[in-house]
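Number of protein chains: 2
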Amino acid sequence: MERYIRVFDTTLRDGEQSPGATLTSAEKLEIARVLARMRVDVIEAGFPAASQDDLQAVRRIALEVGNPAAGGDELGRTVPIICGLARASKNDIDAAWEAVRGAAHPRIHTFLATSPIHMRYKLRMDPEEVVERVKEMVGYARSLCEDIEFSPEDAGRSDPEFLYLVLGEAIKAGATTLNIPDTVGYTMPEEFEKLIAGIIANTDGIQNTIVSVHCHNDLGLATANTLAGIRAGARQVEVTVNGIGERAGNTSLEEVVMALHTRRAAYNLETGIETTQIARVSRMVSNYTGIPVQPNKAIVGANAFAHEAGIHQDGMLKNQMTYEIMRPETVGVSRSNLVLGKHSGRHALRTRLEELGYVLAQEQLDRVFERFKELADKKKTITDADLEALMEDQVYQLEEVFHLDGLQVACGTMGMPTATVRLQDPEGKLHIQASIGTGPVDATFKAIDTIVGAPNVLLEFNVHAVTEGIDAMGEVTVRLQATNGSSSLRTSPQSDQNRARTFGGYGADTDIIVASAKAYLAALNKLLVSTGRINPAGELTYVAPATSR
Amino acid sequence: MERYIRVFDTTLRDGEQSPGATLTSAEKLEIARVLARMRVDVIEAGFPAASQDDLQAVRRIALEVGNPAAGGDELGRTVPIICGLARASKNDIDAAWEAVRGAAHPRIHTFLATSPIHMRYKLRMDPEEVVERVKEMVGYARSLCEDIEFSPEDAGRSDPEFLYLVLGEAIKAGATTLNIPDTVGYTMPEEFEKLIAGIIANTDGIQNTIVSVHCHNDLGLATANTLAGIRAGARQVEVTVNGIGERAGNTSLEEVVMALHTRRAAYNLETGIETTQIARVSRMVSNYTGIPVQPNKAIVGANAFAHEAGIHQDGMLKNQMTYEIMRPETVGVSRSNLVLGKHSGRHALRTRLEELGYVLAQEQLDRVFERFKELADKKKTITDADLEALMEDQVYQLEEVFHLDGLQVACGTMGMPTATVRLQDPEGKLHIQASIGTGPVDATFKAIDTIVGAPNVLLEFNVHAVTEGIDAMGEVTVRLQATNGSSSLRTSPQSDQNRARTFGGYGADTDIIVASAKAYLAALNKLLVSTGRINPAGELTYVAPATSR
Numbered sequence: 014m015e016r017y018i019r020v021f022d023t024t025l026r027d028g029e030q031s032p033g034a035t036l037t038s039a040e041k042l043e044i045a046r047v048l049a050r051m052r053v054d055v056i057e058a059g060f061p062a063a064s065q066d067d068l069q070a071v072r073r074i075a076l077e078v079g080n081p082a083a084g085g086d087e088l089g090r091t092v093p094i095i096c097g098l099a100r101a102s103k104n105d106i107d108a109a110w111e112a113v114r115g116a117a118h119p120r121i122h123t124f125l126a127t128s129p130i131h132m133r134y135k136l137r138m139d140p141e142e143v144v145e146r147v148k149e150m151v152g153y154a155r156s157l158c159e160d161i162e163f164s165p166e167d168a169g170r171s172d173p174e175f176l177y178l179v180l181g182e183a184i185k186a187g188a189t190t191l192n193i194p195d196t197v198g199y200t201m202p203e204e205f206e207k208l209i210a211g212i213i214a215n216t217d218g219i220q221n222t223i224v225s226v227h228c229h230n231d232l233g234l235a236t237a238n239t240l241a242g243i244r245a246g247a248r249q250v251e252v253t254v255n256g257i258g259e260r261a262g263n264t265s266l267e268e269v270v271m272a273l274h275t276r277r278a279a280y281n282l283e284t285g286i287e288t289t290q291i292a293r294v295s296r297m298v299s300n301y302t303g304i305p306v307q308p309n310k311a312i313v314g315a316n317a318f319a320h321e322a323g324i325h326q327d328g329m330l331k332n333q334m335t336y337e338i339m340r341p342e343t344v345g346v347s348r349s350n351l352v353l354g355k356h357s358g359r360h361a362l363r364t365r366l367e368e369l370g371y372v373l374a375q376e377q378l379d380r381v382f383e384r385f386k387e388l389a390d391k392k393k394t395i396t397d398a399d400l401e402a403l404m405e406d407q408v409y410q411l412e413e414v415f416h417l418d419g420l421q422v423a424c425g426t427m428g429m430p431t432a433t434v435r436l437q438d439p440e441g442k443l444h445i446q447a448s449i450g451t452g453p454v455d456a457t458f459k460a461i462d463t464i465v466g467a468p469n470v471l472l473e474f475n476v477h478a479v480t481e482g483i484d485a486m487g488e489v490t491v492r493l494q495a496t497n498g499s500s501s502l503r504t505s506p507q508s509d510q511n512r513a514r515t516f517g518g519y520g521a522d523t524d525i526i527v528a529s530a531k532a533y534l535a536a537l538n539k540l541l542v543s544t545g546r547i548n549p550a551g552e553l554t555y556v557a558p559a560t561s562r
Numbered sequence: 014m015e016r017y018i019r020v021f022d023t024t025l026r027d028g029e030q031s032p033g034a035t036l037t038s039a040e041k042l043e044i045a046r047v048l049a050r051m052r053v054d055v056i057e058a059g060f061p062a063a064s065q066d067d068l069q070a071v072r073r074i075a076l077e078v079g080n081p082a083a084g085g086d087e088l089g090r091t092v093p094i095i096c097g098l099a100r101a102s103k104n105d106i107d108a109a110w111e112a113v114r115g116a117a118h119p120r121i122h123t124f125l126a127t128s129p130i131h132m133r134y135k136l137r138m139d140p141e142e143v144v145e146r147v148k149e150m151v152g153y154a155r156s157l158c159e160d161i162e163f164s165p166e167d168a169g170r171s172d173p174e175f176l177y178l179v180l181g182e183a184i185k186a187g188a189t190t191l192n193i194p195d196t197v198g199y200t201m202p203e204e205f206e207k208l209i210a211g212i213i214a215n216t217d218g219i220q221n222t223i224v225s226v227h228c229h230n231d232l233g234l235a236t237a238n239t240l241a242g243i244r245a246g247a248r249q250v251e252v253t254v255n256g257i258g259e260r261a262g263n264t265s266l267e268e269v270v271m272a273l274h275t276r277r278a279a280y281n282l283e284t285g286i287e288t289t290q291i292a293r294v295s296r297m298v299s300n301y302t303g304i305p306v307q308p309n310k311a312i313v314g315a316n317a318f319a320h321e322a323g324i325h326q327d328g329m330l331k332n333q334m335t336y337e338i339m340r341p342e343t344v345g346v347s348r349s350n351l352v353l354g355k356h357s358g359r360h361a362l363r364t365r366l367e368e369l370g371y372v373l374a375q376e377q378l379d380r381v382f383e384r385f386k387e388l389a390d391k392k393k394t395i396t397d398a399d400l401e402a403l404m405e406d407q408v409y410q411l412e413e414v415f416h417l418d419g420l421q422v423a424c425g426t427m428g429m430p431t432a433t434v435r436l437q438d439p440e441g442k443l444h445i446q447a448s449i450g451t452g453p454v455d456a457t458f459k460a461i462d463t464i465v466g467a468p469n470v471l472l473e474f475n476v477h478a479v480t481e482g483i484d485a486m487g488e489v490t491v492r493l494q495a496t497n498g499s500s501s502l503r504t505s506p507q508s509d510q511n512r513a514r515t516f517g518g519y520g521a522d523t524d525i526i527v528a529s530a531k532a533y534l535a536a537l538n539k540l541l542v543s544t545g546r547i548n549p550a551g552e553l554t555y556v557a558p559a560t561s562r
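From first to last, the protein sequence lines are chains E and C.
For the first sequence, position 402 (counting from the first letter as 1) is numbered 415 according to our numbering, and the numbering increases by one without interruption.
For the second sequence, position 196 (counting from the first letter as 1) is numbered 209 according to our numbering, and the numbering increases by one without interruption.
Source of the hints: derived by calculation from the structure; they are not laboratory data.
Misleading hints may appear alongside valid ones.
Identical copies look the same in the list; a pair holds intra-copy or inter-copy alike.
Stated by the list, open to error - List of simulated lysine to aspartate or glutamate pairs, DMTMM-like, C-alpha gap at most 25 Å:
#1 K355 x E43
#2 K185 x E342
#3 K391 x D462
#4 K355 x E342
#5 K185 x E413
#6 K459 x D390
#7 K459 x E387
#8 K207 x D160
#9 K392 x D462
#10 K185 x E174
If you're wondering where the values come from, they're calculated on a predicted model, not measured in any experiment.
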């Protein structure tokens, strides 16, 4: 049997459906670039029918990452397949095709539920109607695109005999990859192995297709189920970076890849992944989505390797042999950071950024260098983590609507936390507002709210600093939701329902109150753009409620 | 075969070995109380030979949680077994027995490595010597205590035939539970199932003992391996809350318990766990250890349930049936919080705290009520999460050495963050210090450092607030390490080496800079007590470097 396992990354589609993970187009493109550099085989770039924004984001990835000409293939290898998700409807399939057709290797992925509970309560369709719809829609998709993936949703709770029938019809209609999802994370590994083995043994025509598995982690078994699927003959795995996704998330890319890599002798299988990129991609996804990685997360958690982050142990060598089954270097965790400082020049900065994978135009470099110098004035040594924080902060700045021009805060135990904020609006006008609050962050956000006037509720607020000293950059992520109704809704591919969209923001600064203001503004800016309250040129389509309450 | 699966919780032993998870005795006791309330069968309360402090903490748990008389058994059920870990040496076993003997049901857990790599490089012993040591030490432990658990360390990489021999000898010498650890998280579920089945089939006398499994999550497979062990016949599972532990951590209690609970029909097995306590225990362990839980963590992550935390979806009922395999209420995640406010009295507060599981003496209630009123002045509504933050902050305050008497901070984009701190030392004297820093937290910590004079390096800093509005309590956790050498070392049971101890601190306040100061002081206070620089009465045994630099 074939030894190669295809890695289908759905961080930008299923991962982005996590509450609050909403990404801007620029962020999606950056993530797609690093996924391609890590050599994933397929990038599921989004659900184009969700909104015009989603379609355009997928289109841009198809053009810029899915083509060798556009720099996606500097090493002469093939570029990844770019895939778009579509429900089993003509509209969705048209949108998906429109989005991916610009890629060198486009794929349309369509799905329909096959479990009794989903057919009855969600689809309100008979099994016969489901079969008819699959034939029709897979056939339609195949008339547009050579590479078609079909998923029977909630396969884990479907009748196996019915699955064989539906999958056989999908193959006849032109599907080239059959993906079996355990949509609700319900199956046990031995059950899932049996399910996949049964499908391979009993589905007509399946030997000429690729069988894929897509697992969820509701009971903590996504990785085990994925490996069980592979044992039964699956040759594509659908995964996300850091295992993000709805509820408890999807299968973690890093866990499956490193299990196969570490236990090569047991499985005798391989992926195309450049494992040394794993740590960097993990950090980028965490920062852009605002979804933190717990320290005890396998492979990419801060504690995953015994001797990480400032903890110096005697007898490291002995310890490595007795307690480590993989080396941190293998997944790109480096023990020593090359350090820049106050006297480092523009050239040193550019070189280091390029080593970290950031390629900048001259104008961008100038902006980053300016901020680098500001930071170097405050902080003795600038580490790779600082540079990454700076770059990520920069990506947000590029899509700025309101800009933080100044902030002044007083707080403490005397009990009257006060913040004065000065913002520049899209037309260049300055607005100043002072507010008190329950704390400095509350006071700052209230002042910003008064100027921006976009009603919202803050769902989550996190500050994080891993540091070799107190003076590190603080990284703040916030997550908020618009409270003014329908304008921020977004269609979910599974439930067909419009769900209130949440917006994440990221900010980095040595002053965590400044970082908080930046993160909050970043999220608000996303909200304003996404709800159409700012047109693409940055012009306000509403009147801000001035500077006084 | 027996249907009952014993839950052996090692959060306080293997979990506490996580970098930075160092807990105070008071915290350990609180956690042991909630573990008992959740009805775990065995609490591994620590490694008594590590230090006198560790021994005393286990002793206190044995006396107060391991005995019905001391209030551990208000519902008339049996109290948990209290277990202490010991290397295979007389000294360790004596320390463990001294620590657990006060419990109604004491257990000694001893271990010795059996893998070739561990025997050669760590133990420097022949296989024959290992067998002899096991016979001798299990026998010695059994002469003290009826209930003896033995673990062949790194069993996952040991020769099965050698394992059968060692385990058979351990049983003859008196071991009643045989625990099989996959110490480095290396095995695949199918391999682990085979290993356990082989042990049960081939070890003399094993039918009269309980077989236990202890897995690590380095490849994301701890839960799957634990379930594989159960399928092969294991009837005890060793787990930690939130899956904390060294490196990528241990098997998660909540994942194994809820997999068996959700898939009762498939496994036909049961545990004694009161699942409705899971969410609360998870929060307490996260707050006390300072180890956050990622939102996409199975069962206990903030996003684990589809419709959590302020995200309102249409058609919830339909969605529950189609996308949810368990109800949030089952693990104690409640949809609506009973809310208290400014006008709530002492009685209402006590009632709500008791519902949340906190039983307070009158004097403690008075202190908490005072802080509750302060909070209610700042914040309109007080939720359960606020009350829990308040209570956890309170637990830290009880062990205070230096006390935060006042804090005043100015910061913002003007670039001269300044903090003025007033601390009360253990003798009641006030110290005031102003400092500038790279940000308000840096300035505050520098001012505190100047007064306290305990050299340390800050390893990690996190702020978290899940909130229905901006004005929530901010919860800050910090982790630091003393930089003055040997006085803060602590013996690791596995490596026999002294490892630099790290200290975690927690603080909660509506002002995150105030919360940061409290968290930092809490960690510093732990460091001072643990390194013997403050004696138990709170008296300084060194001269603080006064108030100026």
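Hint check results:
{"no.": "1", "hint": "K355 x E43", "in the structure": "neither (28 Å within a copy, 48 Å between copies)"}
{"no.": "2", "hint": "K185 x E342", "in the structure": "neither (46 Å within a copy, 45 Å between copies)"}
{"no.": "3", "hint": "K391 x D462", "in the structure": "between (29 Å within a copy, 19 Å between copies)"}
{"no.": "4", "hint": "K355 x E342", "in the structure": "neither (28 Å within a copy, 54 Å between copies)"}
{"no.": "5", "hint": "K185 x E413", "in the structure": "neither (49 Å within a copy, 72 Å between copies)"}
{"no.": "6", "hint": "K459 x D390", "in the structure": "between (30 Å within a copy, 18 Å between copies)"}
{"no.": "7", "hint": "K459 x E387", "in the structure": "between (27 Å within a copy, 21 Å between copies)"}
{"no.": "8", "hint": "K207 x D160", "in the structure": "neither (27 Å within a copy, 40 Å between copies)"}
{"no.": "9", "hint": "K392 x D462", "in the structure": "between (31 Å within a copy, 18 Å between copies)"}
{"no.": "10", "hint": "K185 x E174", "in the structure": "within (17 Å within a copy, 52 Å between copies)"}
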